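Colleague: As given, the protein sequences belong to chains W and V, one line each in that order.
Counted the way full-length UniProt numbering counts, the first sequence spans residues 1 to 294.
Counted the way full-length UniProt numbering counts, the second sequence spans residues 1 to 270.
Calculated from the structure, these hints are not laboratory results.
Take these hints with a grain of salt, some might be off.
[Unchecked claim] With a straight-line Cα cutoff of 27 Å, these simulated DSS-like cross-link-like pairs (lysine-lysine) come out:
{"id": "1", "chain 1": "W", "residue 1": "Lys-92", "chain 2": "V", "residue 2": "Lys-11"}
{"id": "2", "chain 1": "V", "residue 1": "Lys-119", "chain 2": "W", "residue 2": "Lys-52"}
{"id": "3", "chain 1": "W", "residue 1": "Lys-15", "chain 2": "V", "residue 2": "Lys-119"}
{"id": "4", "chain 1": "V", "residue 1": "Lys-11", "chain 2": "W", "residue 2": "Lys-52"}
{"id": "5", "chain 1": "V", "residue 1": "Lys-11", "chain 2": "W", "residue 2": "Lys-127"}
{"id": "6", "chain 1": "V", "residue 1": "Lys-11", "chain 2": "W", "residue 2": "Lys-15"}
{"id": "7", "chain 1": "W", "residue 1": "Lys-52", "chain 2": "V", "residue 2": "Lys-191"}
{"id": "8", "chain 1": "W", "residue 1": "Lys-130", "chain 2": "V", "residue 2": "Lys-11"}
{"id": "9", "chain 1": "W", "residue 1": "Lys-127", "chain 2": "V", "residue 2": "Lys-265"}
{"id": "10", "chain 1": "W", "residue 1": "Lys-55", "chain 2": "V", "residue 2": "Lys-11"}
{"id": "11", "chain 1": "W", "residue 1": "Lys-55", "chain 2": "V", "residue 2": "Lys-119"}
{"id": "12", "chain 1": "V", "residue 1": "Lys-119", "chain 2": "W", "residue 2": "Lys-67"}
{"id": "13", "chain 1": "V", "residue 1": "Lys-119", "chain 2": "W", "residue 2": "Lys-115"}
{"id": "14", "chain 1": "W", "residue 1": "Lys-26", "chain 2": "W", "residue 2": "Lys-52"}
{"id": "15", "chain 1": "W", "residue 1": "Lys-209", "chain 2": "W", "residue 2": "Lys-220"}
{"id": "16", "chain 1": "W", "residue 1": "Lys-74", "chain 2": "V", "residue 2": "Lys-191"}
{"id": "17", "chain 1": "W", "residue 1": "Lys-26", "chain 2": "W", "residue 2": "Lys-67"}
{"id": "18", "chain 1": "W", "residue 1": "Lys-92", "chain 2": "V", "residue 2": "Lys-236"}
{"id": "19", "chain 1": "W", "residue 1": "Lys-67", "chain 2": "V", "residue 2": "Lys-265"}
{"id": "20", "chain 1": "W", "residue 1": "Lys-130", "chain 2": "V", "residue 2": "Lys-265"}
{"id": "21", "chain 1": "W", "residue 1": "Lys-92", "chain 2": "V", "residue 2": "Lys-265"}
{"id": "22", "chain 1": "V", "residue 1": "Lys-191", "chain 2": "W", "residue 2": "Lys-204"}
[To be verified] Quick list of the computed label-pair ranges, beta carbon to beta carbon:
{"id": "23", "chain 1": "V", "residue 1": "Lys-265", "chain 2": "W", "residue 2": "Asp-274", "range": "34 to 44 Å"}
{"id": "24", "chain 1": "V", "residue 1": "Ala-257", "chain 2": "W", "residue 2": "Gly-37", "range": "50 to 60 Å"}
{"id": "25", "chain 1": "V", "residue 1": "Arg-192", "chain 2": "W", "residue 2": "Gly-16", "range": "17 to 27 Å"}
{"id": "26", "chain 1": "V", "residue 1": "Ile-223", "chain 2": "W", "residue 2": "Pro-124", "range": "26 to 36 Å"}
In this text, all values refer to a predicted model and were calculated from it rather than measured experimentally.
Even glycine gets a Cβ: it sits at the ideal position worked out from N, Cα and C.
Below are the chains, spelled out letter by letter.
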Amino acid sequence: MLTVSQVTKVFPGSKGIFDVSFTVEKGEVFGFLGPNGAGKSTTIRHIMGFMKPAKGYVQINGYDTWKDQGRFQKLVGYLPGEIAFMEGMTGKSFLDFMSSLRGGVSQERRAELIKRLQFDERTPIRKMSKGMKQKVGIVAAFMHEPEVIILDEPTSGLDPLMQKVFIELVLEEKAKGTTFLMSSHSFSEIERTCDRAAIIKDGKIIAVKNIHELQAVQRKLFEVTFENRADRDAFLGSGLTIDSYQDNQVRVSVQGDYNRFTQEASKYRIRSIDLFTQNLEDIFMDYYDREGRD
Amino acid sequence: MNMPLYGQMLKNHLRTMSSYAFGSAFYILLMFWIFPSMKTQSESLNALLGSMPEGLSKAFGLENGFGSVDGFISGEYYGLLFVLILSIFSIMTSTQLMARLVDQGSMAYLLSAPTTRIKVALTQALVLLTGLLLITAITTLAGYGGYAWFIGDLNEFDSSRFLLLNVGAFLLFFAVCGISFFISALCNDEKRALGASGVVVFGFFSLNLVGKISDQLSWMQHISLFSLFNPAGIVKGTVDWIPVVVILLAVGLAGFAAGIIVFRKRSLLL
Numbered sequence: 001m002l003t004v005s006q007v008t009k010v011f012p013g014s015k016g017i018f019d020v021s022f023t024v025e026k027g028e029v030f031g032f033l034g035p036n037g038a039g040k041s042t043t044i045r046h047i048m049g050f051m052k053p054a055k056g057y058v059q060i061n062g063y064d065t066w067k068d069q070g071r072f073q074k075l076v077g078y079l080p081g082e083i084a085f086m087e088g089m090t091g092k093s094f095l096d097f098m099s100s101l102r103g104g105v106s107q108e109r110r111a112e113l114i115k116r117l118q119f120d121e122r123t124p125i126r127k128m129s130k131g132m133k134q135k136v137g138i139v140a141a142f143m144h145e146p147e148v149i150i151l152d153e154p155t156s157g158l159d160p161l162m163q164k165v166f167i168e169l170v171l172e173e174k175a176k177g178t179t180f181l182m183s184s185h186s187f188s189e190i191e192r193t194c195d196r197a198a199i200i201k202d203g204k205i206i207a208v209k210n211i212h213e214l215q216a217v218q219r220k221l222f223e224v225t226f227e228n229r230a231d232r233d234a235f236l237g238s239g240l241t242i243d244s245y246q247d248n249q250v251r252v253s254v255q256g257d258y259n260r261f262t263q264e265a266s267k268y269r270i271r272s273i274d275l276f277t278q279n280l281e282d283i284f285m286d287y288y289d290r291e292g293r294d
Numbered sequence: 001m002n003m004p005l006y007g008q009m010l011k012n013h014l015r016t017m018s019s020y021a022f023g024s025a026f027y028i029l030l031m032f033w034i035f036p037s038m039k040t041q042s043e044s045l046n047a048l049l050g051s052m053p054e055g056l057s058k059a060f061g062l063e064n065g066f067g068s069v070d071g072f073i074s075g076e077y078y079g080l081l082f083v084l085i086l087s088i089f090s091i092m093t094s095t096q097l098m099a100r101l102v103d104q105g106s107m108a109y110l111l112s113a114p115t116t117r118i119k120v121a122l123t124q125a126l127v128l129l130t131g132l133l134l135i136t137a138i139t140t141l142a143g144y145g146g147y148a149w150f151i152g153d154l155n156e157f158d159s160s161r162f163l164l165l166n167v168g169a170f171l172l173f174f175a176v177c178g179i180s181f182f183i184s185a186l187c188n189d190e191k192r193a194l195g196a197s198g199v200v201v202f203g204f205f206s207l208n209l210v211g212k213i214s215d216q217l218s219w220m221q222h223i224s225l226f227s228l229f230n231p232a233g234i235v236k237g238t239v240d241w242i243p244v245v246v247i248l249l250a251v252g253l254a255g256f257a258a259g260i261i262v263f264r265k266r267s268l269l270l
């Protein structure tokens, strides 16, 4: 459905994206992960045909997104990373305008999306908070029921409740066969929706992996607080990877093998367990450590 | 061209365009209103003009004197003020229609809709020209109205020459808009587009002015587009229209075409 083939674009100062290639199948939710400045937005600009690749091409359903302008956009919904609307518009007038540019969209669909995301479309856009603008942008990307939806950092600015609504929305559309590409700088944001993810760093794709594989290499830190010191000491000797400990608290690092951790922990009286997830860079590092060992 | 985009853009810009148009209309009415009182003193004013260096009165289009209403309006209004108003309009509006949308990022929404960049750019160019036409048309109407209202005797008024004044101004600014549209289509940065257009348009304007004032520098006006609009000459009927029309239309069309092509071909940071 979406093919990015060897797309290269070098900016002055030798930053840019190099030989970026991946494909997204129909009905798949594809994550595009990378730290800030890694080239996610640049890649998305090429996918949307805003930039001309120095080398390579992007195709959506067989249309080249640089050459076949005017055709591929019918299939695509797009949420920009930085949302900028034209001045002097309300949410409603903006969505009306986008509908007319799209040649008309289902009013019921639009009303349903607005209701689920809970915002007042009559508010002037310049008075909207970041999260509210993000909601307007999400409606604009979804309302015409496109076959492919491209989302640049979709959940930024949304509160946890709205993030949940957004995830439900994505999963519903996925069930209908819609293809997604969404970028993010945090793994936890996409792991609930994505099937596969590409990881980009310094303009290069360093891995395209099934999300379960990435989950398996992701280390999680559990901070376990024991009721008494003796239990703690026994736990320390259980052979789990101990990150650190202090008083009755122990930080255990778990990678994939959750059963062993729960079995060990269930032997003792525990006051509380906190969870810390690893950030993206550490996941990459672990990924490479493991590749090296295998 | 893209009708929904045209409608929306016209809506966004109609208020500013009307301000320019009604400002200009108001000013031309004012000129007609003060003309009768100027006419009673036209002899002394003409004597004053005679005492000024020839270049200066030519530069500001005053060589037709204050005796006839055509001469007065062509010199006082079309010679300077209307040209300034339209210069500002061309620079500001062309920048807002292209470079600002790219700079702000809202162009991303226009280009993610099923349309082509050529259509988007063409539509924006037409919005710009619609504004130019609106301002010139309202000024023309106000001119006729002002004459009928304040001067009255329509026999003396050469209405076709007055119309030609407006046609000449429109043609000049068709070319100027073409150039500033091209600059705007080329720029990622709104301020840079505004600055570059301003330098080019007011540069041409000044070349023309300086070339007219000084005999040694008269070559300067020949490289300025603004010398192709000669209000005093139009009123006297001494303008050779064919090269004027051909050059101005050609420059304008080339500017718009180049703007559209450059916008189609360049990478946008959206």
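Colleague: With reference to the structure, classify each hint as holding or not holding.
Modeller: How the hints compare with the structure:
1. W/Lys-92 to V/Lys-11: holds (15 Å)
2. V/Lys-119 to W/Lys-52: Measuring from Cα to Cα gives roughly 18 Å; hence the hint holds.
3. W/Lys-15 to V/Lys-119: Status violated; Cα separation ~32 Å.
4. V/Lys-11 to W/Lys-52: Violated, at about 32 Å.
5. V/Lys-11 to W/Lys-127: Holds, because 20 Å separates the two Cα atoms, which is no more than 27 Å.
6. V/Lys-11 to W/Lys-15: Distance of about 41 Å is beyond 27 Å: violated.
7. W/Lys-52 to V/Lys-191: Between W/Lys-52 and V/Lys-191 the Cα gap is close to 24 Å, so the pair holds against 27 Å.
8. W/Lys-130 to V/Lys-11: holds (26 Å)
9. W/Lys-127 to V/Lys-265: violated (35 Å)
10. W/Lys-55 to V/Lys-11: Outside the cut-off at roughly 40 Å; violated.
11. W/Lys-55 to V/Lys-119: holds (26 Å)
12. V/Lys-119 to W/Lys-67: Within the cut-off at roughly 14 Å; holds.
13. V/Lys-119 to W/Lys-115: violated (34 Å)
14. W/Lys-26 to W/Lys-52: Given that 27 Å is the threshold and the Cα spacing comes to 25 Å, the pair holds.
15. W/Lys-209 to W/Lys-220: Roughly 19 Å separates the two Cα atoms, so the pair holds.
16. W/Lys-74 to V/Lys-191: violated (33 Å)
17. W/Lys-26 to W/Lys-67: holds (22 Å)
18. W/Lys-92 to V/Lys-236: violated (55 Å)
19. W/Lys-67 to V/Lys-265: Given pair W/Lys-67, V/Lys-265 holds - Cα atoms ~10 Å apart, limit 27 Å.
20. W/Lys-130 to V/Lys-265: The given pair, whose Cα atoms are some 32 Å apart, is violated under the 27 Å limit.
21. W/Lys-92 to V/Lys-265: violated (33 Å)
22. V/Lys-191 to W/Lys-204: violated (34 Å)
23. V/Lys-265 to W/Asp-274: 34 to 44 Å: With a Cβ separation near 55 Å, V/Lys-265 and W/Asp-274 fall outside 34 to 44 Å, so the hint is violated.
24. V/Ala-257 to W/Gly-37: 50 to 60 Å: Roughly 38 Å apart at Cβ, these two residues miss the hinted range, so it is violated.
25. V/Arg-192 to W/Gly-16: 17 to 27 Å: holds (23 Å)
26. V/Ile-223 to W/Pro-124: 26 to 36 Å: violated (47 Å)
Going down the numbered hints, you'll see the structure goes against 3, 4, 6, 9, 10, 13, 16, 18, 20, 21, 22, 23, 24 and 26, while the others check out.
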